[in-house]
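From first to last, the protein sequence lines stand for chains X and P. This note's numbering numbers the first residue of the first sequence as 1 and each following residue consecutively. This note's numbering numbers the first residue of the second sequence as 409 and each following residue consecutively.
Derived by calculation from the structure, the hints in this document are not laboratory data. These numbers come from a predicted model, not from an experiment. Keep in mind that a hint or two might mislead.
Computed beta-carbon distance windows for the label pairs [claimed, not checked]: (1) 278(X) x 432(P): 42 to 52 Å; (2) 277(X) x 587(P): 21 to 31 Å; (3) 2(X) x 587(P): 32 to 42 Å; (4) 20(X) x 423(P): 40 to 50 Å; (5) 486(P) x 2(X): 21 to 31 Å.
Think about it this way: if two alpha-carbon atoms lie no more than 20 Å apart in a straight line, the pair counts; the simulated EDC-like pairs of lysine to aspartate or glutamate are [claimed, not checked]: (6) 143(X) x 161(X); (7) 143(X) x 87(X); (8) 395(X) x 548(P); (9) 2(X) x 468(P); (10) 143(X) x 158(X); (11) 143(X) x 162(X); (12) 488(P) x 161(X); (13) 487(P) x 403(X); (14) 2(X) x 548(P).
One-sided and incomplete, this derived list gives chain P residues near chain X with beta-carbon spacing under 10 Å [said to hold, decoys possible]: (15) 429; (16) 430; (17) 445; (18) 458; (19) 465; (20) 492; (21) 493; (22) 494; (23) 498; (24) 502; (25) 508; (26) 568; (27) 572; (28) 580.
All C-beta atoms, glycine included, are put in the ideal place defined by N, C-alpha and C.
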Amino acid sequence: MKILRMAWRNLWRNGRRTLVTVAAMTLALWSMVLYTSLMEGMLGSMETTLLDVELGEIQVHADGYRERPSIWERIEDPDALLRALDETGLRSTARLLGGALVASGDVSTGALLKGLRPERDALVSEVHQRLDRGEWLDPADAKGVVLGYRLARTLAVEVGDELVALSQATDGSMANDLFRVRGVLQSLSEETDRATVFLLEDEFRGFFALEDGAHRVIVRSSEGQDLAAAAGLVEQAAAMSAPGVEVRSWRDLLPGLANVFDSAQAAVQVVAFVVYVVIAILILNAMLTAVFERIREFGVLKAIGVSPRRVLALILVEGALQSALAIGIGLVASLPALWFVTTRGIDVGGLGGTAIMGVAMDQIWTGAVSPLTIAGPVFILLFVAGVAVLFPAIKAARINPIEAIHHQ
Amino acid sequence: MGAEPIISLRDVTKVYRQGSVDVHALRGLTMDVEAGEFTAICGPSGSGKTTMLNLIGALDAMTSGSIVLEGRELASLNKKELSELRRDRIGFVFQAYNLMPVLTAYENAEMVLWVQGVDGPSRRERVMGLLEQVGLKGMENRRPSELSGGQQQRVAIARAIASNPVVVLADEPTANVDSETAETLLDLMEELNREQGVTFVFSTHDPQVMERARRVVRLVDGRVASDERR
Numbered sequence: 001m002k003i004l005r006m007a008w009r010n011l012w013r014n015g016r017r018t019l020v021t022v023a024a025m026t027l028a029l030w031s032m033v034l035y036t037s038l039m040e041g042m043l044g045s046m047e048t049t050l051l052d053v054e055l056g057e058i059q060v061h062a063d064g065y066r067e068r069p070s071i072w073e074r075i076e077d078p079d080a081l082l083r084a085l086d087e088t089g090l091r092s093t094a095r096l097l098g099g100a101l102v103a104s105g106d107v108s109t110g111a112l113l114k115g116l117r118p119e120r121d122a123l124v125s126e127v128h129q130r131l132d133r134g135e136w137l138d139p140a141d142a143k144g145v146v147l148g149y150r151l152a153r154t155l156a157v158e159v160g161d162e163l164v165a166l167s168q169a170t171d172g173s174m175a176n177d178l179f180r181v182r183g184v185l186q187s188l189s190e191e192t193d194r195a196t197v198f199l200l201e202d203e204f205r206g207f208f209a210l211e212d213g214a215h216r217v218i219v220r221s222s223e224g225q226d227l228a229a230a231a232g233l234v235e236q237a238a239a240m241s242a243p244g245v246e247v248r249s250w251r252d253l254l255p256g257l258a259n260v261f262d263s264a265q266a267a268v269q270v271v272a273f274v275v276y277v278v279i280a281i282l283i284l285n286a287m288l289t290a291v292f293e294r295i296r297e298f299g300v301l302k303a304i305g306v307s308p309r310r311v312l313a314l315i316l317v318e319g320a321l322q323s324a325l326a327i328g329i330g331l332v333a334s335l336p337a338l339w340f341v342t343t344r345g346i347d348v349g350g351l352g353g354t355a356i357m358g359v360a361m362d363q364i365w366t367g368a369v370s371p372l373t374i375a376g377p378v379f380i381l382l383f384v385a386g387v388a389v390l391f392p393a394i395k396a397a398r399i400n401p402i403e404a405i406h407h408q
Numbered sequence: 409m410g411a412e413p414i415i416s417l418r419d420v421t422k423v424y425r426q427g428s429v430d431v432h433a434l435r436g437l438t439m440d441v442e443a444g445e446f447t448a449i450c451g452p453s454g455s456g457k458t459t460m461l462n463l464i465g466a467l468d469a470m471t472s473g474s475i476v477l478e479g480r481e482l483a484s485l486n487k488k489e490l491s492e493l494r495r496d497r498i499g500f501v502f503q504a505y506n507l508m509p510v511l512t513a514y515e516n517a518e519m520v521l522w523v524q525g526v527d528g529p530s531r532r533e534r535v536m537g538l539l540e541q542v543g544l545k546g547m548e549n550r551r552p553s554e555l556s557g558g559q560q561q562r563v564a565i566a567r568a569i570a571s572n573p574v575v576v577l578a579d580e581p582t583a584n585v586d587s588e589t590a591e592t593l594l595d596l597m598e599e600l601n602r603e604q605g606v607t608f609v610f611s612t613h614d615p616q617v618m619e620r621a622r623r624v625v626r627l628v629d630g631r632v633a634s635d636e637r638r
């Protein structure tokens with residue numbers, strides 16, 4: 001108790017220095033909490049876009065399809081596979097993929113047509129919720145298609161406009177049809193934005209004269225389910241119902257992006273560490289100065305029999321009090337900022353659909369809050385402050401009383 | 409007097425290394441201090457007064473010889489034992505008072521008792537009594553900056569005797585106060601010595617202290633040049 005009282009009073013002997021140190025620690029904590037929240041929000045939103053909208057956790061293709069995508073390389077009986085997956089409790093949907101030339105007016109461009117069943121697909125993908133304008137596919141509107149936003153811009157089409165698609169059907173005939181733009185998507189990913197046309201499965205089959213099969217089955221694992229375990233279940237289901245397919249997790253499909261997610265957390269910690277090293281130097285300087293100014297006092301304490309351990313504790317408690325102040329103020333100051341970034345977010349629409357490794361960021365960059373958002377910066381601050389204060393504390397504890405008392 | 413000495417120095421030498429030069433601060437000093445003495449160690453600057461107090465106070469280690477305090481050879485004690493010896497058996501009064509500026513008069517006087525682990529009520533009773541004894545009743549809550557030099561030195565004396573030490577070592581205790589204040593401080597220490605049997609050993613240049621001391625030991629070049637008992 002006496003150490004605590006002494007430490008507290010010592011802090012305010014040079015109130016300005018203490019305030020500057022605490023303010024710097026507070027600012028560092030505040031900015032790191034906010035930065036962590038924004039990074040978690042960005043990564044979370046990218047992961048959502050990637051998994052919930054685009055990839056799913058696991059994909060099944062016919063052997064060889066991924067190396068050489070072709071309308072003919074397909075899973076023979078996707079419905080059997082979907083039924084087997086239903087039995088495992090995993091949500092899944094089948095998609096048909098085929099290249100085509102799409103045109104409107106005088107403009108034409110290559111596109112990837114993706115055929116799907118809206119009801120089944122909605123269990124797996126949130127793409128139907130990511131419309132910028134217009135409406136999602138509806139079986140009642142057989143010729144309605146939904147486009148990526150860049151493709152719509154390239155073709156200069158808007159909702160309600162007509163779109164011609166040309167390709168080669170599987171029976172060797174010329175495939176061509178007239179569709180109507182039903183909706184335009186938000187920015188999702190490079191591939192979807194630039195060259196994707198979603199249409200109903202039946203229309204796709206009709207267009208390409210493809211009676212059966214599917215090119216891709218997208219599978220979603222349950223919340224918190226281990227990816228490898230889920231992939232194992234899919235492999236088992238596929239082995240029984242759809243031989244000749246390959247099962248890949250999204251990490252296998254996009255290893256570069258998986259690395260980005262993995263290293264992003266480390267990057268947050270590296271930035272936090274760099275910020276905190278600066279703070280550590282400030283604390284070290286402040287505490288060394290404080291120890292140097294009070295060198296005679298430590299000498300007297302040692303002379304009258306105060307143990308080195310108690311002197312060490314005194315300095316450590318001074319550091320701990322400053323940290324506690326900074327954490328208290330920093331966390332209170334973080335609350336409104338966190339509220340702002342999690343509820344309102346930062347409008348990054350001006351960046352024009354920024355994408356990282358092909359995955360688009362949301363137009364409104366919102367933060368996320370998890371226990372790590374607070375605990376991470378707090379623990380790193382405590383660690384750094386502890387390390388920074390240890391050296392002056394040891395110096396004070398080891399002081400030679402005679403030299404200290406006669407220190408000028 | 410004539411009892412077993414509480415402090416015994418035999419052929420004590422202390423050599424400091426200053427750069428490449430050996431400085432002989434004490435050269436075979438021998439003397440005893442008995443319980444209840446009021447002793448002034450005087451001598452010119454560099455004669456070894458402060459060095460001698462530092463060695464008796466277990467703040468520094470001698471180069472050779474023997475110092476025995478209450479039957480314990482200081483050279484045989486480790487750092488922790490020396491620290492406990494200072495805490496329990498020796499009181500220090502410094503020239504510059506050296507009070508903790510963030511603590512009140514009460515808290516400064518209480519410090520040693522707290523370090524000793526004395527319980528709160530006992531500390532309070534002892535410290536309040538001490539502060540009254542040194543004439544600081546009613547000033548318990550003042551910090552050093554709110555006290556005069558003489559009052560600060562009184563707090564330092566209260567701190568030094570709080571643990572009932574075997575000896576109080578006072579290094580030039582009147583050097584920083586005017587002669588009138590010095591007189592009152594000496595009155596106080598003399599009273600403590602007379603009435604409570606507190607043993608005082610001063611290092612001093614101050615003729616006032618030498619006049620009031622009942623024993624004056626003069627050091628010259630690290631040796632006892634004269635030892636006068638009154």
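Status of the hints after comparison with the structure:
no., hint, result
1, 278(X) x 432(P): 42 to 52 Å, "holds (50 Å)"
2, 277(X) x 587(P): 21 to 31 Å, "violated (56 Å)"
3, 2(X) x 587(P): 32 to 42 Å, "holds (36 Å)"
4, 20(X) x 423(P): 40 to 50 Å, "holds (46 Å)"
5, 486(P) x 2(X): 21 to 31 Å, "holds (26 Å)"
6, 143(X) x 161(X), "holds (12 Å)"
7, 143(X) x 87(X), "violated (33 Å)"
8, 395(X) x 548(P), "violated (32 Å)"
9, 2(X) x 468(P), "violated (28 Å)"
10, 143(X) x 158(X), "holds (15 Å)"
11, 143(X) x 162(X), "holds (10 Å)"
12, 488(P) x 161(X), "violated (91 Å)"
13, 487(P) x 403(X), "holds (16 Å)"
14, 2(X) x 548(P), "holds (16 Å)"
15, 429, "violated (18 Å)"
16, 430, "violated (18 Å)"
17, 445, "violated (22 Å)"
18, 458, "holds (9 Å)"
19, 465, "holds (7 Å)"
20, 492, "holds (7 Å)"
21, 493, "holds (8 Å)"
22, 494, "holds (4 Å)"
23, 498, "holds (8 Å)"
24, 502, "holds (7 Å)"
25, 508, "holds (6 Å)"
26, 568, "holds (8 Å)"
27, 572, "violated (14 Å)"
28, 580, "violated (12 Å)"
Checked against the numbered hints above, the structure violates hints 2, 7, 8, 9, 12, 15, 16, 17, 27, 28; every other hint is satisfied.
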